[in-house]
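Enquirer: Chain by chain, the residues:
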Amino acid sequence: MAEGINLDDAFIRRAKELVVCAESGNDEEAKAILDELITMKETSLFQELGKLTRDVHETFKAFRTDSRITELAEGGDMADAKERLNYVITMTQQAADTTMEQIEHAIPLCESITSGTSELLSGWERFTHRQMAADEFRQLSKTLKVFLDSANNDSKTLMSNLNEIMMAQSYQDLTGQIIYKVIKLVEDVEDDLIKLIRLSSKHMGQVDSSEREPAAEKQLASDDDDNNKQKKSLDGPVVPGLIDEAETLAGQDEVDDLLSSLGF
Amino acid sequence: MNKDMKILIVDDFSTMRRIIKNLLRDLGFTNTVEADDGTTAVPILAAGGIDFLVTDWNMPGMQGIDLLRHVRADEKLSKMPVLMVTAEQKREQIIEAAQAGVNGYIVKPFTAATLKEKIDKIFERIDS
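So the protein sequences, as listed, match chains R and X. Residue numbers for the first sequence, in the numbering used here: -1 to 262. Residue numbers for the second sequence, in the numbering used here: 85 to 212.
What the hints contain is simulated information worked out from the structure, not anything from laboratory work. Ideal placement from N, C-alpha and C gives every residue a C-beta, glycine not left out. Please note: incorrect hints may appear among the correct ones.
Stated by the list, open to error - If you want a taste of the chain X side facing chain R, the calculated C-beta under 10 Å gives, among others:
(1) Met85
(2) Phe97
(3) Met100
(4) Ile179
(5) Ala184
(6) Asn187
As the list claims (entries may be wrong) - Straight-line C-alpha distance at most 30 Å; calculated DSS-like pairs for lysine-lysine:
(7) R:Lys179 x X:Lys105
(8) X:Lys174 x R:Lys80
(9) X:Lys200 x R:Lys59
(10) X:Lys174 x R:Lys182
(11) X:Lys174 x R:Lys154
(12) X:Lys105 x R:Lys14
(13) X:Lys87 x R:Lys39
As the list claims (entries may be wrong) - Output of the computed footprint for chain R on chain X, the stretches with three or more beta carbons under 8 Å from beta carbons of chain R:
(14) 126 to 138
(15) 190 to 203
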């Protein structure tokens, strides 16, 4: 501890006098000096404690005025982040549901095409090997016609199933944009926490302040720039519950209306 | 409308680029190229041969709105039709895009029908 090394002159002088008194058997005087030394020691301890308390207070004061953490907590950014992540879950759920639904529609169609082709193939084999009677061939022709009609329809339906599955994948873009926003928020919180640690260690005298101070100051100064960038950043996908209704259009129809009012 | 025209698709999410590419193919446009943001799109446009630009707005590096302004400011590219496909749907942004000279604006998520409708509309105006 610092006070162990920097004992002041008065303390050392009295301590030497204590040794002299004790050796010469002057107990009364030795006891008085000992009491005095203890008082001196306690005073310096209280002073240190007072300084420490003031430093902690200063640290928090500086942090509160410069930091975005209070803003994050009070401004509801954290609540917004939770809302955004919940919406990501909703969107991924919807995309997965749509995909599974379309696949479940498509599988029976594939099965019917497969069984239809197998049946026709075996008939066709027998026909090409001249193992088929005329009546049976007429039956095969009818089956073939029915199969071609249904396969024609089924493949159109399959095409639409595949398109639906493809469109459902757009969730990846939209949720990605939302998650980027949350990552940005987490980075801001991280920066502020680092700043808090720097400020507190600076006040506690645990780091070389000449080295750390400019960095911390620079970081505080760049806060305004960050905030400006924040304001300029784009909104990204609309998250229900976080809509600025006055400014955000409800969808493609409203966008079309606005553009046509602008002469588009 | 020339189905062989060369279309540049710009979006930072590859899934979205693939979706747009596939939808365009369904509409008969098979001649497409891709870029993942404005910065990579600029040299492709500069190399020439692109007839139609489909771009996202919010991208790292150069954003779609800046790419649009770049196109309008370049004498050789200024007449190129530009369709914006984006999740941005604030009134002021749509006005900003309109003022920058966008030809069509689609908000994500969109449907195949919307894409067809907007492309038809853009080329109806150009051809008329």
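Enquirer: None of the hints should be skipped; say for each whether it holds.
Expert: Verification of the hints:
1. Met85: Violated, about 18 Å.
2. Phe97: Interface hint status for X:Phe97: holds (4 Å vs cutoff 10 Å).
3. Met100: Holds - the Cβ of X:Met100 comes within 10 Å of chain R, reaching about 4 Å at its closest.
4. Ile179: 7 Å, holds
5. Ala184: 12 Å, violated
6. Asn187: 8 Å, holds
7. R:Lys179 x X:Lys105: 27 Å, holds
8. X:Lys174 x R:Lys80: Holds, at roughly 22 Å.
9. X:Lys200 x R:Lys59: 59 Å, violated
10. X:Lys174 x R:Lys182: Since the Cα atoms of X:Lys174 and R:Lys182 sit roughly 21 Å apart, the hinted pair holds (cutoff 30 Å).
11. X:Lys174 x R:Lys154: 38 Å, violated
12. X:Lys105 x R:Lys14: At roughly 91 Å apart (the allowed maximum being 30 Å), R:Lys14 and X:Lys105 break the hint.
13. X:Lys87 x R:Lys39: Judged against 30 Å, a Cα distance of about 92 Å means the pair is violated.
14. 126 to 138: Violated - the stretch 126 to 138 of chain X has 0 residues with a Cβ nearer than 8 Å to chain R, which falls short of three.
15. 190 to 203: Coverage by chain R holds here, the residue count being 8 at a Cβ distance below 8 Å.
The earlier numbered hints that this structure contradicts are 1, 5, 9, 11, 12, 13, 14.
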